[in-house]
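**Q** So the chains spell out like this:
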Amino acid sequence: MSAAAQGLRERLTGRRRGPGSRAVLPFLAIFAAFVLIALLAPLIAPNDPNSQNLMGRLKAPGVTARNITYWLGSDELGRDLVSRLIWGARISLSVAVLSVALSGVVGTVLGMAAATARGWVETVIMRLVDVFLSIPAVLLAIITVAVLGPGFTNVVIVLALTRWPRYARVAYGQTLSVANMPYVRLARFMGASMPRILFIHILPNIIGAITVVATLEFGLMVLFEAGLSFLGLGVQPPTASWGAMLSVGRNYVGSAWWISAFPGLCLFLLVLSVNLIGDHLRDRLDPKSR
Amino acid sequence: MGRYLARRLGQALVALFGVMTLIFFVQRLTGDPTYLLVPETATQADIEAMRASLGLDRPLLVQYGAFLADMARLDFGRSYIQNVPVIDIIASRLPYTLQLAGGALLVAFFIGVPLGVWMAVRRGHAEAKGFMGLVLAAQSMPTFWSGILMIMVFAVWNQWLPPSGAGGWKNLIMPSVALGLLSMATFARVARTSVLDELSKDYVRSARARGVTTGRLVRRHLLRNASIPVISIAAMEVSQLLAGAVIVETVFAWPGLGLLTVQSIVSRDFLVVQGVVLLGAFVTILLNFAADLLYSLVDPRIRLGGTS
Numbered sequence: 000m001s002a003a004a005q006g007l008r009e010r011l012t013g014r015r016r017g018p019g020s021r022a023v024l025p026f027l028a029i030f031a032a033f034v035l036i037a038l039l040a041p042l043i044a045p046n047d048p049n050s051q052n053l054m055g056r057l058k059a060p061g062v063t064a065r066n067i068t069y070w071l072g073s074d075e076l077g078r079d080l081v082s083r084l085i086w087g088a089r090i091s092l093s094v095a096v097l098s099v100a101l102s103g104v105v106g107t108v109l110g111m112a113a114a115t116a117r118g119w120v121e122t123v124i125m126r127l128v129d130v131f132l133s134i135p136a137v138l139l140a141i142i143t144v145a146v147l148g149p150g151f152t153n154v155v156i157v158l159a160l161t162r163w164p165r166y167a168r169v170a171y172g173q174t175l176s177v178a179n180m181p182y183v184r185l186a187r188f189m190g191a192s193m194p195r196i197l198f199i200h201i202l203p204n205i206i207g208a209i210t211v212v213a214t215l216e217f218g219l220m221v222l223f224e225a226g227l228s229f230l231g232l233g234v235q236p237p238t239a240s241w242g243a244m245l246s247v248g249r250n251y252v253g254s255a256w257w258i259s260a261f262p263g264l265c266l267f268l269l270v271l272s273v274n275l276i277g278d279h280l281r282d283r284l285d286p287k288s289r
Numbered sequence: 000m001g002r003y004l005a006r007r008l009g010q011a012l013v014a015l016f017g018v019m020t021l022i023f024f025v026q027r028l029t030g031d032p033t034y035l036l037v038p039e040t041a042t043q044a045d046i047e048a049m050r051a052s053l054g055l056d057r058p059l060l061v062q063y064g065a066f067l068a069d070m071a072r073l074d075f076g077r078s079y080i081q082n083v084p085v086i087d088i089i090a091s092r093l094p095y096t097l098q099l100a101g102g103a104l105l106v107a108f109f110i111g112v113p114l115g116v117w118m119a120v121r122r123g124h125a126e127a128k129g130f131m132g133l134v135l136a137a138q139s140m141p142t143f144w145s146g147i148l149m150i151m152v153f154a155v156w157n158q159w160l161p162p163s164g165a166g167g168w169k170n171l172i173m174p175s176v177a178l179g180l181l182s183m184a185t186f187a188r189v190a191r192t193s194v195l196d197e198l199s200k201d202y203v204r205s206a207r208a209r210g211v212t213t214g215r216l217v218r219r220h221l222l223r224n225a226s227i228p229v230i231s232i233a234a235m236e237v238s239q240l241l242a243g244a245v246i247v248e249t250v251f252a253w254p255g256l257g258l259l260t261v262q263s264i265v266s267r268d269f270l271v272v273q274g275v276v277l278l279g280a281f282v283t284i285l286l287n288f289a290a291d292l293l294y295s296l297v298d299p300r301i302r303l304g305g306t307s
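Residue numbers (numbering that gives the first Met the number 0), protein chains in the order written: chain S, 0 to 289; chain F, 0 to 307.
None of these hints come from the bench; they were simulated from the model.
The structure presented is a predicted model; accordingly, all values stated were derived computationally and were not measured.
A hint or two may mislead.
Unchecked claim - So the derived label-pair ranges between C-beta atoms look like this: (1) F:53 / S:181: 55 to 63 Å; (2) F:219 / S:117: 45 to 53 Å; (3) S:235 / F:40: 19 to 27 Å; (4) F:124 / S:118: 47 to 55 Å.
To be verified - Only pairs whose alpha carbons sit at most 20 Å apart, straight line, appear in this in silico EDC-like list of lysine to aspartate or glutamate: (5) F:128 / S:121; (6) F:128 / F:196; (7) F:128 / S:47.
Every residue, glycine too, gets a C-beta built ideally from N, C-alpha and C.
Bound-form chain S, shown alone (with noise of 0.2 Å):
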């Protein structure tokens, strides 16, 4: 690109390409892979995710039984690890959206609120961010599940109540720091409701550090599901999960690899590039972390 064309693009999009801002595509390139293959499981997956063959358990990849194919060979059941990879990517991708979105959309009002209500509200609800963050967040999502029992609901909102503190703290943080600006002491005197402050001044401005704590979440929060899943707390079989699949394939590490090993590569995978493009997006937003 030229120097001309250079500076028209940045002048056209407000900012400027920073080095290694190519770096991420490929990334963007397999997250987006991973959604259109969760998007589309039904019509993509070879074959019936759940469908027990026990002529064909454990063969390996690419061995054919009874007329299927098994490109990625199968589980103990018999079943197309293909087809469960596809439907587990549903899973994975559907978990972690819900947990960041309602988890997000809770810690972002509560900071937001605590941050300009200020006094006992404030007192309350960061003291409560203080306790959340004090204790691991592994451990509070196995004993919040050990009580409400597994399954894709409870999982998710296991997730949200973990993690809902993360977010409170930056909106917290930023609201703070946006509330003494004045043109929103100005639209207060001028009459602006409370919730047209924080939504219609406030909120588009602190929304880039939120946004940016979602995305290093996400890669979090895929591999909270997984966790759980593996040690059999998660989503519950017959479910294809990759977590949950890994727990299988751990079984057979020495007669069938292909379990555990396909279903690590797409978390890893996966993750990998969310935390990748969370990083940049950090970046790009966040100049003071670069």
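For chain S, the structure is supplied; the task is to place chain F on it using the hints.
**A** Just chain F, lined up with the frame of chain S:
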């Protein structure tokens, strides 16, 4: 110093109290623990009897008071399955988790910090970029997958290390590496950022102008000044390690607190789970407190300036 200490101690106690309150109400609001304790065939009368024997039929606030009183006496109750005090069960498993966390911390610290310093000093060079890729990969690696891969390679394909269980020091290698990788990435990043911060300061430039070599600069100046963020991260990472142990211990059948937690959930031994979670929270609060004290000693601005 005295006032700072008192205020910080007060905060730690409030957090401790908050954690106990949170755990109590999470349990009571999300479900009735009685159902976790009675067999699935229990009749309504059995359930009522169990509830009364546990004191769960009392008003919530009375139960809460009794719970706090037990906690103050360090009474975590008795395991329903083994009929042994929870604290004894935890004590018998704790050494294993400490060994594992210690091993993981060694891996994380002695690989992560040099890697981070290297990446900062050689910023922009090919090998620094390569290391960064390594760090990002380690950060995105699910511990249960890296654990299984290691078992596959080092225990099944090559019989170099025992695949699981506790025994000699050889059993500790793979779990420590699996658990330490994630923290390694964190240490490397923090060390890199704080060394980069130091590198841009005037004293570094004048030292360079006087002809101080890079190696000496790093050893004599940078490491000392860049150590504060690393200390604070170390405290946080230890509590992360304790939580990560749940998965790693399950993968390697390592008989520590993590495996105990999972086993207790499966056997519905709820007070044991609660005991482990409380212990994890206590340790986290204690470590954060210790880290704050440590850097108020290293950096007097923290205790004098009053910014927390």
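**Q** Compare the structure with each hint and give your call.
**A** Hints and how they fare:
1. F:53 / S:181: 55 to 63 Å: holds (59 Å)
2. F:219 / S:117: 45 to 53 Å: Since residue 219 (chain F) and residue 117 (chain S) have Cβ atoms about 47 Å apart, the given range 45 to 53 Å holds.
3. S:235 / F:40: 19 to 27 Å: Holds, at about 22 Å.
4. F:124 / S:118: 47 to 55 Å: holds (53 Å)
5. F:128 / S:121: violated (43 Å)
6. F:128 / F:196: holds (18 Å)
7. F:128 / S:47: violated (43 Å)
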